[in-house]
Amino acid sequence: MDCLTFRHTVLANPNELSSLIARHAEVCQSCARYLRSLVSTDQQVNRLLAVEVPAGFSNRLKSVIKEEPEIAQPPKLKNGTNFSAGSPLANANRRKLGRYAIAASVLAVVTSVGFVQGKAYLNDKVAASFRTAASNYISSQPELLERTILVQDDRVDRLVSAFGGELVGDLDGVVFAEPCLLVPVSAAHLIIGTDDGPVTVMYAPEAQVRNEQYYEMNDYQILHYPASTGSIALFGESKQALEKTRSTLLASINW
Amino acid sequence: MQTSLEAPQNNKVLFNSLVDLVSTDLYRYAFWACQDNQTAEDVVQETFIKIWKNIHQLREIDSAKAWVFTIFRREHARIFEKKAPTLLDIDTVPEDQLKNIYATDTTRHLLNTALNTLPNEYSDPLVLQIIGGFSCDEIAKILDISKPNVLTRIFRARKKIRSTLSTSKIELDDICGL
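Protein chains in written order, with my numbering: chain A, 1 to 255; chain B, 1 to 178.
Mixed in with the good hints there might be a few duds.
Straight-line alpha carbon distances no greater than 27 Å define the calculated BS3-like cross-link-like pairs of lysine-lysine that follow [what the hints assert, rightly or not]: (1) A:K62 with B:K12; (2) B:K65 with A:K62; (3) B:K141 with B:K12; (4) B:K159 with B:K141; (5) B:K160 with B:K141; (6) A:K125 with B:K12; (7) A:K125 with B:K65; (8) B:K50 with A:K62.
Residues of chain B placed beyond 12 Å of chain A at every Cβ, according to the derived structure [stated by the list, open to error]: (9) R73; (10) R74; (11) A77; (12) I79; (13) K141; (14) L143.
Looking from chain A toward chain B, a few residues come up when the C-beta cut is under 7 Å (computed) [unchecked claim]: (15) L11; (16) D42; (17) Q44; (18) V45; (19) L49; (20) S58; (21) V64.
Read the hints as simulated data drawn from the structure, not as lab findings. Just so we're clear, the structure is a prediction, and the values are computed from it rather than from any experiment. Yeah, the Cβ is synthetic: ideal placement off N, Cα and C, and Gly gets one too.
Model the full structure from these sequences, guided by the hints.
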């Protein structure tokens, strides 16, 4: 791939990184810089467009469907009085209402269980997309993992703060700290040099996982675990490096 | 990975999940399209009413987000055919909402200007890509144009924004303070 084709391709979509694009970016520093600046521009545009959603907005949208049929009220007799207690009609109606009530309770339980399952299912999809996008992104920029110059603490502090976190302890060995726009979420992107090789940290407030889990993708070991908001995915060469980095992060950042 | 709608069978479950998954991005896209928070909220609400009425038509969860955005665009066009845009009286807008209406620093303002001076046919696919995270295929479906056309428009939009920004000598890293 030549530089012109590379630039035309990434201008159309800097996030869809094919192997050809990644290979060219590996050998051409100028194009790699160009790609990074494009991603950076997208991040700025994304931030510009990320207006605050009004409070309670999603609940108002959900209330759109609240005009569900209500539990039937006892029908009135033609003369306007209710069924008298103990009459066969009243007993039949009570049985019917009882069945409605049981059905409604069952429906409510099924709905709430189903809602939790449905939400968890969608969260899992977002988390999986995040892991894949992050893994591809890291693979496309191997030169970042070669960095040795430490990033200044205040830069790390600003990045952590920008993603709603707080630096509460020393976080040594950070060689890269940038925001990163990944489809479908954005993430705080840190690279930490460890004795067991560099570990990439991606904190995504919008990608939720229920439990910690190990994965393997693009020759990376991945440890993906829940944070208080969203999740943190660590990418490295060994599980040992990931475990150590997780302990370091736990002691130094409140996310 | 499972892609059919077997998991959330209940329509209400599916609807609520869609709201959770899409409403933030859709509101942001709506705000960009309407340039007014109240109108954006109204159009998104109308969109979700339409979605609730037609939720049985949704078959693939992978295409749910694109489907929602397509319905939004139709609703937006329908509403704006009838409605004259409301002029905002700046004195009556609460201060905390102003930051949603105007870029409040120079660099954001320049970026905003660069984006808003783009013709809609260029900015629309770019915003869909950036806010919605859609692929070019999905954008082509939402906008009902061909994929090469999407690629060309996004290419030109990015080029134009970069050109505007470099003319203004903006250091992009300064924008986010990093």
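Each hint, compared with the structure:
1. Between the alpha carbons of K62 (chain A) and K12 (chain B) the distance comes to roughly 9 Å, so the proposed pair stays at or under 27 Å and holds.
2. At most 27 Å may separate the alpha-carbon atoms for a hinted pair to count; K65 (chain B) and K62 (chain A) meet this at roughly 16 Å.
3. Between K141 (chain B) and K12 (chain B), the direct Cα distance comes to roughly 26 Å. Compliance with the 27 Å bound is thereby established for this hinted pair.
4. For the proposed pair K159 (chain B) and K141 (chain B), the alpha carbon gap of about 23 Å is at most 27 Å, so the pair holds.
5. The hinted pair formed by K160 (chain B) and K141 (chain B) meets the criterion: a straight-line CA distance of about 24 Å does not exceed 27 Å.
6. Restraint check for K125 (chain A) and K12 (chain B): satisfied, since their Cα atoms lie roughly 19 Å apart, inside the 27 Å limit.
7. The suggested pairing of K125 (chain A) with K65 (chain B) holds, with an alpha-carbon distance near 13 Å, which does not exceed 27 Å.
8. Taken as a hint, the K50 (chain B) and K62 (chain A) pair is honoured in the structure, with Cα atoms around 13 Å apart against an allowance of 27 Å.
9. For R73 (chain B), the requirement that its beta carbon stay farther than 12 Å from each beta carbon of chain A is met, with the minimum near 16 Å.
10. Every CB of chain A lies more than 12 Å from the CB of R74 (chain B), the least distance being 17 Å, so the non-interface label holds.
11. For A77 (chain B), the non-interface assignment is confirmed: its Cβ lies about 20 Å from the closest Cβ of chain A, beyond the 12 Å cut-off.
12. Look at I79 (chain B): its CB is around 16 Å from the nearest CB on chain A, clear of 12 Å, so calling it non-interface holds up.
13. The Cβ of K141 (chain B) sits about 16 Å from the closest Cβ of chain A, beyond the 12 Å cut-off, so the non-interface label holds.
14. Consistency note on L143 (chain B): stated as away from chain A, and its beta-carbon is indeed over 12 Å from all of that chain's, at 15 Å minimum.
15. The interface hint given for L11 (chain A) is met, as the beta carbon of that residue sits about 5 Å from the closest beta carbon of chain B, less than 7 Å.
16. For D42 (chain A), the interface hint holds, since its Cβ comes within 7 Å of a Cβ in chain B; the closest pair sits about 6 Å apart.
17. Given the 7 Å rule on beta carbons, the hint for Q44 (chain A) holds: about 5 Å separates it from the nearest Cβ of chain B.
18. The interface hint given for V45 (chain A) is met, as the beta carbon of that residue sits about 5 Å from the closest beta carbon of chain B, less than 7 Å.
19. Restraint check, L49 (chain A) versus chain B: the minimum CB separation of about 5 Å is within 7 Å; hint holds.
20. With its C-beta approaching chain B no nearer than about 5 Å, S58 (chain A) sits inside the 7 Å limit, and its interface hint holds.
21. Annotation: interface hint on V64 (chain A) holds; nearest CB of chain B at approximately 5 Å, less than 7 Å.
In this structure, none of the earlier numbered hints is contradicted; all agree with it.
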